Amino acid sequence: MFGLQYIPAFDTPFDPQAAVDDAYFALSGSVIEQRVGRKIEPYFKVTVENPGVAGFMPTSNKYAILWEKRQSDPEPVVVARGRLVPLPTGMSGTTIDLTYRCLPPSADDVLTAVADLLRTGEAVAYDPDAPAADREDAELYDPLFYSADSSDDPESALSARPEIWRWDRATLALSRTHLVESDILHTLDFEGIENPPELTVSNPPRPSTRIRIIASWTQVAKGRQTVSEPDAVSTYTWQDFLQSFPQPGASIGSDTGWTLAEAEIESVTNNTPNWLGISGSKFGSASGGQVQLQSKTIQFRLTAAYDYQQAREELLDIVLPSGLQEIPEEDDQVETVEVITLAALNIDGSTPEWEYEDPETLEQRHYDVGDEVLAAGKAWTCLFEHDATDTFRIRDYDGGPLLWERREKRAPMRDPRSARFFDSDRGVRAVRHAIRRLYRAVLERSQCATTTFTVPWELAREITCEDSCRIRHRRLPGGELVGKVTAIELVIGEDGVRTANLTLASIPGSGSIAPIPGSGQQQTGDIVYSTSYRGVREPVNAFALATQPPRIYAFENAWSAQHAAAVGSGDPVGTIGTMPTRLRIAFAPLREEDLLTRRMSVTCLPPPLPKQINLRPDLGEP
Amino acid sequence: MMTGYTSPTAILAPALGFGWQTGFDLSVELSPIAASARIVRNWNGIAKNLVDPEFRLFALRISSGDDMRPPALANMWPGTVFSIVPPNELMIVIPTGGTSAVFPRSVHSARALTTGFDDISSSISGKTVTLSAPAVEPVRVYARLQYEVIVTEPWRETYREADASSQWQLMTEELGGI
Numbered sequence: 001m002f003g004l005q006y007i008p009a010f011d012t013p014f015d016p017q018a019a020v021d022d023a024y025f026a027l028s029g030s031v032i033e034q035r036v037g038r039k040i041e042p043y044f045k046v047t048v049e050n051p052g053v054a055g056f057m058p059t060s061n062k063y064a065i066l067w068e069k070r071q072s073d074p075e076p077v078v079v080a081r082g083r084l085v086p087l088p089t090g091m092s093g094t095t096i097d098l099t100y101r102c103l104p105p106s107a108d109d110v111l112t113a114v115a116d117l118l119r120t121g122e123a124v125a126y127d128p129d130a131p132a133a134d135r136e137d138a139e140l141y142d143p144l145f146y147s148a149d150s151s152d153d154p155e156s157a158l159s160a161r162p163e164i165w166r167w168d169r170a171t172l173a174l175s176r177t178h179l180v181e182s183d184i185l186h187t188l189d190f191e192g193i194e195n196p197p198e199l200t201v202s203n204p205p206r207p208s209t210r211i212r213i214i215a216s217w218t219q220v221a222k223g224r225q226t227v228s229e230p231d232a233v234s235t236y237t238w239q240d241f242l243q244s245f246p247q248p249g250a251s252i253g254s255d256t257g258w259t260l261a262e263a264e265i266e267s268v269t270n271n272t273p274n275w276l277g278i279s280g281s282k283f284g285s286a287s288g289g290q291v292q293l294q295s296k297t298i299q300f301r302l303t304a305a306y307d308y309q310q311a312r313e314e315l316l317d318i319v320l321p322s323g324l325q326e327i328p329e330e331d332d333q334v335e336t337v338e339v340i341t342l343a344a345l346n347i348d349g350s351t352p353e354w355e356y357e358d359p360e361t362l363e364q365r366h367y368d369v370g371d372e373v374l375a376a377g378k379a380w381t382c383l384f385e386h387d388a389t390d391t392f393r394i395r396d397y398d399g400g401p402l403l404w405e406r407r408e409k410r411a412p413m414r415d416p417r418s419a420r421f422f423d424s425d426r427g428v429r430a431v432r433h434a435i436r437r438l439y440r441a442v443l444e445r446s447q448c449a450t451t452t453f454t455v456p457w458e459l460a461r462e463i464t465c466e467d468s469c470r471i472r473h474r475r476l477p478g479g480e481l482v483g484k485v486t487a488i489e490l491v492i493g494e495d496g497v498r499t500a501n502l503t504l505a506s507i508p509g510s511g512s513i514a515p516i517p518g519s520g521q522q523q524t525g526d527i528v529y530s531t532s533y534r535g536v537r538e539p540v541n542a543f544a545l546a547t548q549p550p551r552i553y554a555f556e557n558a559w560s561a562q563h564a565a566a567v568g569s570g571d572p573v574g575t576i577g578t579m580p581t582r583l584r585i586a587f588a589p590l591r592e593e594d595l596l597t598r599r600m601s602v603t604c605l606p607p608p609l610p611k612q613i614n615l616r617p618d619l620g621e622p
Numbered sequence: 623m624m625t626g627y628t629s630p631t632a633i634l635a636p637a638l639g640f641g642w643q644t645g646f647d648l649s650v651e652l653s654p655i656a657a658s659a660r661i662v663r664n665w666n667g668i669a670k671n672l673v674d675p676e677f678r679l680f681a682l683r684i685s686s687g688d689d690m691r692p693p694a695l696a697n698m699w700p701g702t703v704f705s706i707v708p709p710n711e712l713m714i715v716i717p718t719g720g721t722s723a724v725f726p727r728s729v730h731s732a733r734a735l736t737t738g739f740d741d742i743s744s745s746i747s748g749k750t751v752t753l754s755a756p757a758v759e760p761v762r763v764y765a766r767l768q769y770e771v772i773v774t775e776p777w778r779e780t781y782r783e784a785d786a787s788s789q790w791q792l793m794t795e796e797l798g799g800i
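Chains A and B, in that order, are what the protein sequence lines are.
In this text, residue positions in the first sequence follow this note's numbering: the first is 1, and each later residue adds one.
In this text, residue positions in the second sequence follow this note's numbering: the first is 623, and each later residue adds one.
Just so you know, the hints here were simulated from the structure itself, not pulled from any lab data.
Predicted model, so just to flag it, every value in this text is computed and none were measured.
Take the hints with a grain of salt, since some may be wrong.
To be verified - With beta-carbon atoms standing in for the labels, derived distance ranges: (1) B:G720 x A:E462: 32 to 38 Å; (2) A:E462 x B:G719: 37 to 43 Å; (3) A:T361 x B:P700: 34 to 40 Å; (4) B:P700 x A:P74: 33 to 39 Å; (5) A:D495 x B:Q789: 49 to 55 Å.
All residues carry an ideal CB built from backbone N, CA and C; glycine is no exception.
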């Protein structure tokens, strides 16, 4: 017998001794659980005699338990529990249909919170060579693939996990269940009733499935050189040298990317004057005399600065073969399932902005110790639990406790000078995440064989979408199939008929075992892959700029050259005047291209897919 | 008071008020309800009844030939529930060595007979009829059971004025429930 019993709270334990059926005169019902997107939200419907004047809503008890006690049950068993949600339609008929959703209160918030726990941020130090178990969480979620407000969509947390969210219809507990695998296999074999199972194979994955990810960033190297040697020069033309000495900020050459960060005369000291003879008509009676020329030594300091920017893009194509049995195919061999442009690599996108209040609920934010925010262009960690101050402040009041402490921003690309991404450690995480996403997409599409059939109620009462079933029938190819339950409808008919309609999804896989990575191959989850990356075009080595020596650094006409020319000239002043001392500096120009694109590819081995249905029994037994 | 004038029928149903001149020539038809069977076959051809055991209930149809006066039909609207012991006897065989027979409903009266129609002493308790000694040969137990029934269809009563006879019919099924 069945009963519908109202309970005071959603988690009130079911007491078999006190099981009653006093809510309504219930005529029929059904319990439905099915995969919708990446969620399973069961519900049950009950058709009851219209209570009419008394009203259908029980006093304040919104949750009800649907229980059953069969003759073989020692105690009543909970079939489902749920909340009476939508108002019934046709409320003045002889009977009304009541629908109960098997969800706890604030189910969306519960789901969002649990999903957020799966979102591994940038805080982890990812080591591509660590044991698989340590890498798993970081590979299954990569914030670069999601926008900052992704937590609004709990399903996105499962983009790379071959799992779906599932609410339990009897306990209202939230869990994740694997797309294909399950702990429980129900052997139904020939227990199906009436019509043969209805098998449809639709939309299998193409022989190859591709995903493209695009990482674009601006490679930036800005700074001053670390070498700043003082230098000195002795010259007769010191006045000219001092006047034409450059100012800080002056560019070196034209549009080379180099400037002077520092240009400073440290000291000017007189050398011992030199007597030089003059001769010639130009000097009149002074000809044959001597002039005293004063040379000076100038101590100066120059430091170069560089400003290099280069737009870069890496295009990574990942190809995954299907790993299915040979089945008739469409013409297209390759299908691109997703093109993903990664979020900004140089920005800390995983830390939330500081807020005074929740933008939706307008509740004031409360920050706990360890919370991390971005504010005023910096990243901060909370040191002292507090309600948000009205503007961002490090201390709430003078002498108060320190609320926030600065920390380093967590940009995926820590060093903006980097010319490569996908082959950096952080990039490997992104690549592996993309492979996992691709694998999930292919796995879901591989469940292309859908079977629906009917079984007696008592065989199906315990079956949920967490389980798998095996059925057999002479008309099935291969005679049998195993599949994950994607939908189940338990029917309590008005005429006493108790049945259950089941839908299974099976993979016509090849049944191969998981490959073992060979040399040059890498592994993430069950997927073994090899990379083919072209080298990076680096017209400028951004890391070497800080220590790069100038291409030319030379004095022209220093004191020694001036003096040597002046000694025998007869007109030392004039000679020196034509030979001013100069310092020539030149750096190799920082060549900036419009966009440097690097094409890369990853090729995966076929994934090991179970042979849940044999669509090609003609090829022999497995 | 007229003594000796009792109802000619063996039906026990106070709600129907049988008495003298009521209950001549009755037919009482007993059968399981139609909803007790929904036979399907599985993919191996094995038949199965999809209906739960709670639906193993009886239908009871009483119709009269030429009766003289109708019973208390006035308030026997569909949905009316009353209790009845029809004259129909149901039989269970106790095999040799057995001592008891369990009937689907409470036993009103029973008798145990050998196949040769010899009486065997027995006692009644609820749904069970127990022999005083283990059967030495198959024993047939005939019992009249008590049913809680609900009127399922509108009754009919036809009065023929010329010969002052009444014909009536009442359709019921067991109420059910545990």
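Hint-by-hint comparison with the structure:
{"no.": "1", "hint": "B:G720 x A:E462: 32 to 38 Å", "verdict": "37 Å, holds"}
{"no.": "2", "hint": "A:E462 x B:G719: 37 to 43 Å", "verdict": "40 Å, holds"}
{"no.": "3", "hint": "A:T361 x B:P700: 34 to 40 Å", "verdict": "56 Å, violated"}
{"no.": "4", "hint": "B:P700 x A:P74: 33 to 39 Å", "verdict": "38 Å, holds"}
{"no.": "5", "hint": "A:D495 x B:Q789: 49 to 55 Å", "verdict": "32 Å, violated"}
In the structure shown, a violation is registered for the earlier hints numbered 3, 5, in ascending order.
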